[in-house]
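**Q** Work out the full structure, taking the sequences as your base and the hints as a guide.
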Amino acid sequence: MIRNNPKLASFLEHYGIVIIVVVMMVLLYISRPDVFLSLANLTNIIKQNASLALLALGMFVVIVTAGIDLSVGSVMALAMMCLAVAAKAGVPWPIVILIGPLVGIACGLVNGFGLTILRLPHPFIMTLGTLNIARGLSSLITNGAPVSGLGPQVRYLGQANYDFGIFPPPTGLPASLFVVVVCAIGLWFFLNRTSLGRHIFAIGGNPHAARVSGINVDRVLVYVYAISGFFAGLAGLLLAGRTDSGFPLAGQNAELDAIAAVIIGGASFFGGRGTILGVLAGVLIMGLMRNGLNLNNISPFWQQILIGLVIILAVYIDVIRRRAAVRS
Amino acid sequence: MSEVTGQATEALLEARGIKKYFGAITALDGVSFHVSPGEALGVVGDNGAGKSTLMKILSGLYKPSEGSLFYQGEQVRFDSPRDARRVGIEMVYQDFALAGNMAIYENIYLGREPGRKFAGLTIVDREKARQMAKDHLDQLKIHVKSIDQPVEELSGGQRQAVAIARATAFNAKVVIMDEPTAALAIKEVGKVLDLIKTLKEHGVAVIIISHRMDDIFYACDRVMALYQGTNFAEAPLDRTHRNEVIGWIMGTKGHTEALAHDKVH
Chain L
-18 MIRNNPKLAS FLEHYGIVII VVVMMVLLYI SRPDVFLSLA NLTNIIKQNA SLALLALGMF
42 VVIVTAGIDL SVGSVMALAM MCLAVAAKAG VPWPIVILIG PLVGIACGLV NGFGLTILRL
102 PHPFIMTLGT LNIARGLSSL ITNGAPVSGL GPQVRYLGQA NYDFGIFPPP TGLPASLFVV
162 VVCAIGLWFF LNRTSLGRHI FAIGGNPHAA RVSGINVDRV LVYVYAISGF FAGLAGLLLA
222 GRTDSGFPLA GQNAELDAIA AVIIGGASFF GGRGTILGVL AGVLIMGLMR NGLNLNNISP
282 FWQQILIGLV IILAVYIDVI RRRAAVRS
Chain G
827 MSEVTGQATE ALLEARGIKK YFGAITALDG VSFHVSPGEA LGVVGDNGAG KSTLMKILSG
887 LYKPSEGSLF YQGEQVRFDS PRDARRVGIE MVYQDFALAG NMAIYENIYL GREPGRKFAG
947 LTIVDREKAR QMAKDHLDQL KIHVKSIDQP VEELSGGQRQ AVAIARATAF NAKVVIMDEP
1007 TAALAIKEVG KVLDLIKTLK EHGVAVIIIS HRMDDIFYAC DRVMALYQGT NFAEAPLDRT
1067 HRNEVIGWIM GTKGHTEALA HDKVH
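Going down the list, the protein sequences come from chains L and G. The working numbering numbers the first residue of the first sequence as -18 and each following residue consecutively. The working numbering numbers the first residue of the second sequence as 827 and each following residue consecutively.
These aren't lab readings, by the way, just hints derived from the structure by calculation. Note that the coordinates shown come from a computational prediction; the quantities given were computed from them, not determined experimentally. Incorrect hints may appear among the rest.
In silico DSS-like cross-links for lysine-lysine, where the CA-CA straight-line distance does not exceed 30 Å [said to hold, decoys possible]:
(1) G/Lys954 x G/Lys1023
(2) G/Lys882 x G/Lys1017
(3) G/Lys954 x G/Lys943
(4) G/Lys971 x L/Lys(-12)
(5) G/Lys954 x L/Lys(-12)
(6) L/Lys(-12) x G/Lys960
(7) G/Lys960 x G/Lys971
(8) G/Lys999 x G/Lys967
(9) G/Lys960 x G/Lys943
**A** This is the structure we're talking about:
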C-alpha cells in the first residue's frame, strides 16, 4: 500500500512519528482517563522532559554529522553546579543565568577541538573522555555536596508557569516549554535555511563531498559540538531552576536518553537524516511512555525494557523504509 | 604537435617537474603536464602510475612535494580544493562526491550557496539556488525529474551529470574527470561523453582519466601516458592508435599492433 502511493509514503515519512505520539496519548487517556489529561499531569510531563528535549536537540545536530556526544549529561551537571555555586556566592543573577550555557559551550569547544586537532578516530572517544572529566569536575566543585536555594530569577526559566488566567495554579504552560519551542524553531531555521546548517547535513551525507566542495569540515564540527554543549548548558539551567539546586550526579545516563530520543525520532545514526519535529516527537514518546507506565503503576524496570524495545523497533522500521525507497 | 594543441597556444594550466612523496613511496617523480582552453586531454596509466595523485595535486587536495603549477602563465599554489576552485579548476570524482541525502540543487551549490549574510550566517536564497540550478542544467541539456530530488534517488548517469553540473556551475575553466564512465550503465556513457564535448565547445579545458580506450578516443584531442610516476609518452590522438596507447600503459614503446594485441589478450 505504502509503496504504491508515493504521497502517502511521503506523508508517513514526515509525519508518521506525530501519529505515533497521538496514538500513545489516546492509549494513555483510555488507560487512565481520570489522570492523564489532567492539567497537573500534562504540565508535569512538559517540565520533566524539557531538559531532555534540549539535550536531544543538541544531540541531533551531532548525530546529523554521524557523530555522537556522550558528554551532554555530565556537561549539563557541570553547568548546573557552576551556576548553583555562583548563585550561592552572590553573583548577580543575569551573570548566573549566562554561566549555564557558557559552561556548556566551553565543554563543547573542548570536544570539538579535541576531536579535530588531536584527530581522535571517533567522537565517541573524545566525548567519553569529557563525559568522565565533566562528571568529575562537577563533583569536585563542592566535594560532591549538592547546592540548593538559587533565587527566583535564576529559577525562572525552569520553574515559572504561565496560567494566563485560565489555568488553575500550579498548572499552566511552563516557561521551559517556551524555551524548548524557541530553541527548536531557531535550530530548525539554522539547520534548514542557513549555509552552515546545510553544510552540517552535507557532512553527515558524505564528508568527502563536503570537503571537496570547499567546506572546512573541521571548523563546522567544532561549531556542531559547541552547539550541543550550549544546549546541554541550557538544559542544566532549566534543571537547576526546576529543582532549585545543583547536584553533581544530575543527568547520569541522560546522554543515552537523548540519543534514544533522537533515534526514535527517525534520525539516522549514520548521519545526514532526521528532522527537528522527529526529535521532539522522540522526546515525547519517551516521556509519555514513562508517564503512562507510572500512572498505571508499572515497575520502572519495565520502563527500561520497553524503551529498549522501542529503540530497536524504531530503527528497524527505518531500515525497512530505506530498503524500499533508496537505490544503493 | 598538431595546430590545435601546439605550444603556440598558451597553456591554461601547466605543471612542471611535479614530485610527490608519501613517506618512503614516490608517487610522482618529476611529471610535467599542460592543457589548453577547449582541449580535452586524456590521461592514461596503469593502477599506481600516479594519475590520481597528479589530479589531486591539480585540484588542490594534495600539495606537491616539489615542482610548480602555472595557471594562465602565472605560478599558483593551492592549499585546498577551495583555492583551486577559486581560479576555476574543478574536479569530478570517480565516486561523484555528492551528498546523497541532499537535493540536486543543493549539491550543485554546496559550499557556494547563494544568499545574504546575516549575523555571521549565510541565509540561503533557496528560490535563487533552484532557479540557477534549473538554468544551468538546461544549458548543459541535462534533464532531471525535479531539482528537489535527493541525489540518492538518481541513477549513476544522472549522478555523474549532477557532478559535472556542479563542477561547471561557476564558470569553470578546467574540469578534471576521474574515470567519468566507470560507474555508468553502457547506455549512459554516450550521454556523459557528449556532455564533455559540450564543455569543450564552451572553451573549457577537460582532463579525463580513463581506462577505457573508447572514451579516450571518442572525447579527447590528446593523450598522455604516465608510467611509474613519470611522463612516458604523449601524442595528439590523430597521430596514434589504441594499441600504441595500450602499450604505453604497460610501459612499452614501439609496439607493433600485433604484439600489443597479443599482450592484451
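**Q** Could you run down the list of hints and mark each one as holding or not?
**A** Cross-check of the supplied hints:
1. The hinted pair formed by G/Lys954 and G/Lys1023 meets the criterion: a straight-line CA distance of about 28 Å does not exceed 30 Å.
2. For the hint pairing G/Lys882 with G/Lys1017, the CA-to-CA distance comes to about 25 Å; that is within 30 Å, so the pair holds.
3. A distance of roughly 15 Å separates the Cα atoms of G/Lys954 and G/Lys943; the hinted pair therefore holds under the 30 Å criterion.
4. Note on G/Lys971 and L/Lys(-12): the hinted pairing holds, with a Cα-Cα distance of about 16 Å set against a maximum of 30 Å.
5. With a C-alpha separation of about 26 Å, the suggested pair G/Lys954 and L/Lys(-12) falls inside the 30 Å cut-off, and the hint holds.
6. A hinted pair counts as satisfied when its Cα atoms are at most 30 Å apart, and L/Lys(-12) with G/Lys960 qualifies at roughly 24 Å.
7. Annotation: proposed proximity of G/Lys960 to G/Lys971 holds, straight-line Cα distance about 11 Å (limit 30 Å).
8. About 19 Å separates the Cα atoms of G/Lys999 and G/Lys967, which keeps this hinted pair within 30 Å; it holds.
9. At roughly 24 Å between alpha-carbon atoms, G/Lys960 and G/Lys943 fall within 30 Å of each other, so this suggested pair holds.
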